[in-house]
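Just so you know, the sequences run in chain order A and B. The opening residue of the first sequence carries number 1 in our numbering; numbering runs sequentially from there. The opening residue of the second sequence carries number 1 in our numbering; numbering runs sequentially from there.
Don't read these hints as lab results, they were simulated from the structure. Source: prediction; values computed, not measured. Backbone N, C-alpha and C define an ideal beta-carbon position, used for all residues, glycine too. Mixed in with the good hints there might be a few duds.
Cross-link-like lysine-lysine pairs, in silico, DSS-like; alpha carbons within 27 Å at most [unchecked claim]:
1. 268(A) <-> 184(B)
2. 263(B) <-> 305(B)
3. 29(B) <-> 87(A)
4. 311(A) <-> 184(B)
A short list of chain A residues far from chain B (calculated; beta carbon distances all over 12 Å) [stated by the list, open to error]:
5. 12
6. 94
7. 209
8. 424
9. 426
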Amino acid sequence: MIKRSVAERIFEAALQEGADFAEIFLEDTKETTISMVNGKVEHALSGIRYGVGIRLFQGNRGIYAYTNDMEESNLIQIAKEAGRAAKGQGKHRVLNFDVKEIPTRNPILRMPNTVEHKEKVEQLRRGMEAAKAYDTKITQTKAGYLDVVQNVFIANTQGTWVTDERVRTRFTIEAVASSATEKQSGRFGPGGSVGFELFHQIDVEEYGKEAARIAVTMLGAGVCPSGKMPVVIDNGFGGVIFHEACGHGLEATAVARNASVFAGKLGKKIASDIVTAVDDGTIPNAWGSSAVDDEGTPTQKNILIENGILKSYLVDKLNGRKMGMASTGSARRQNYRYAPTSRMTNTYIASGKSTPQDIISNTEYGLYAKQMGGGSVDPATGIFNFAVLEGYMIRNGKIAEPVRGATLIGKGAEVLMRIDMVGNNISQAQGMCGSISGSIPTNVGQPMIRVGELTVGGRG
Amino acid sequence: MDWEEFSKELLEEGKRKGFSECETYFQRKKNFEVLILEGEISHYENSITQGVCFRGIREGKTGYAYCEKISDDAVAFVVEQAKDNAEIGEENTAEALFEGAKEYPSLLGIEENLRNLSEEEKISAAKQMEQAALSLGEYSVAIDYCVLEYHEVLTKIFNTKGLAASYEKNNAIAYVSAIAQQGKEIKTGSEYWMGSNWEEFNPAQIGRKAAENAISHLGATGLPSGEYPVILQNSVMAGLLSAFCSGFFGESVEKGFSMLKGKLHEKIASEKVSIRDDGLLPYHLGSSPFDSEGVPCQNKAVVSKGRLETFLYNQKAAKMAGVTSTGNGFKSSLQAPVQTACTNFYVVAGEKSLEELMEEMGNGILITEIAGLHSGTNDISGDFSLSAEGFVIKDGKKENPVEQITIAGNFYALLQEIEECGNDLRFMMPKAKGCMGAPSVFVRKVAISG
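Produce the entire structure from the sequences given, and follow the hints as far as they go.
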């Protein structure tokens, strides 16, 4: 943490040339990553990330500077230079700090840095062995371990003075199945804002087997036919469709610049009546949760879409100024090297009424996307694309043969309106989301949903 | 204590803690970035960061640890972490530290003209880009991003085998993404410039091209699914290279993650295809005198007229394969381990212009944009299925734009099917695996779904 007197001097230097807001974000992070291939440790990395970001606003302009040269004179120099770039007119002053203790949303049972590396490796090895043993067609297995203990201190000229400790642990597993001509893979990456107790909560062998099952199934699959058809997307990581196609378009980052199809649509119908969507940074121990966001605002549960009506965007302080809206506790950044902006936390489509069986049996012909891969979207047009990791054809209301190589393509706004069935089996899955403020942990989630018509790209 | 002293102490502490060989990789980066929106600075960023990564060999195993904080206990902490990390490694998999080369290629190093630019000059260039993009009056154009970045990096590697290498380089990247609107239809288009030769940077041209690219896609229609003759524009082909270049890494071959395993000196592509990896191209972002292990960078043929000539190696992969490193051992960041990356990796240009390629094709599709490279590709098998945009080509001429289509195929099959390479070689903005370049390429048959 920075001494109060030093923080005050940094702020005074920053505001000297007329900036009207200044913020200090200090980070001291210890992290460990271990990656294994075929039962052997490939890389084990650990270390300390440390640095400070100083951010200034002048009207709607953001100025950002960061460094890890922590000499007081250097920090004040940086604040002054940034202030000069702000070039404002008015004279602003620092409010009294309101020292806040925000209780953690994520109690930790076993701090990862108290666990020996050997024990971490053992968990990965178990997952890989289970994958390998599943089928002789499994030719490669990969596993990864990550733990992060990020301590942040955030202060600003509006009086914020807060600290937060974010502890996260994640396990990843990938199985590759090969034939003479083809390779296919299956993967999972469960994690949370938890310590090493993650490995008591999940069954690494079960994940290994599942990854292997997907790889082997897809290896034997024919190519997916292409064209427009109904698509059923299953729960968990299937929520990536909402994340990519809609979530990014609801971020103030895009809305404030009028670069989103959802700009100006508050209170309007943007999805079919059965769609309610939520971004909730407060879910205890969830992968995307924290006590405060990276501007020091407590996180909250934001209803984004309620019964098809757009209720809220995801807003950070700077974009909030441009939009005349208050922060929704959604400012996030990878680390001190990034200025924060509005991002998702744990985002999901809420449970509906249909059972998964209803949805499948009501679909004459279509694609069943059981596991989704990653994807991307152009926020300006809403055009998204993402890969189906495990897919099956639906014929006569039944899940039929597996198909590989499918891609789902569409426009976010259109797809939201075309969701015609929402299941009751919600679950969430973990991902890393990349955007202008870096790569951050986010949950995606949904129950099984059906999109009446979607373009499927395949090789068939 | 400064970083140089900190590095020395790490090497000494490393020896004391039983590391037979150890190395420190120090980097100091200076970055500047400005975003312009509506003639004003919408974002400004300035930074100086530095840190050191320790790599050591202990009992035949490699351990890494990094640090961005100089403090009294950091030396002991870093070496202790590296020791813990080494302990869980496999026996006899030590990375091979390099003893240093007698001579290193002389590269330009710091371009003083670029370094001496004032902030005002950089900001004004960024404003010119935006203005030019907005000046195409007849269409409604807005700016998505208009950014100018300046990067300066100093790298120093020291190890106990005698390596002491250091270099500095700088470059700038300018990027504009424009949004064109016609009625309810919205299209984006972008353009960029990068390099260290500021003289060749024409801000107005970059801005105008971004807007023109966006406008050119207005009025796009779908396309019936089928197999079409296709020209992949240079940036599209370079994008595919970036997704699949790891197949050319010795490291991937050793691990069984490459379809090119066992294909050395065999024909893996059409005779029209030659691929080079050249770490010494002047003014290019992928150039440097040595890689992250201190091994000199080279200019080498990877594929000659369809024949696979070499894989790309770092020290460890080279040792395992019984060859010497090709100078492709790179760290993707200070914190990352040494892996493999390309320098400037490109398909060599042919003779014909894009227009001539279109004439040769007659009727078909010109693909100008692809999206979803990180999700719609299988980097092992070479399979891809990517959302794309482009133009219908009729009788050799550009007709209407097409959108919401997918191109699908297999990268290795595509290499065999390339009929012609254009003369319009262009490099993309740098990616994690290096800087990729390609000319436009003509392929007789590609599956497209609309």
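Results of checking the hints against the structure:
no.: 1; hint: 268(A) <-> 184(B); result: 18 Å, holds
no.: 2; hint: 263(B) <-> 305(B); result: 15 Å, holds
no.: 3; hint: 29(B) <-> 87(A); result: 26 Å, holds
no.: 4; hint: 311(A) <-> 184(B); result: 23 Å, holds
no.: 5; hint: 12; result: 19 Å, holds
no.: 6; hint: 94; result: 21 Å, holds
no.: 7; hint: 209; result: 21 Å, holds
no.: 8; hint: 424; result: 28 Å, holds
no.: 9; hint: 426; result: 23 Å, holds
Checked against the numbered hints above, the structure breaks none of them.
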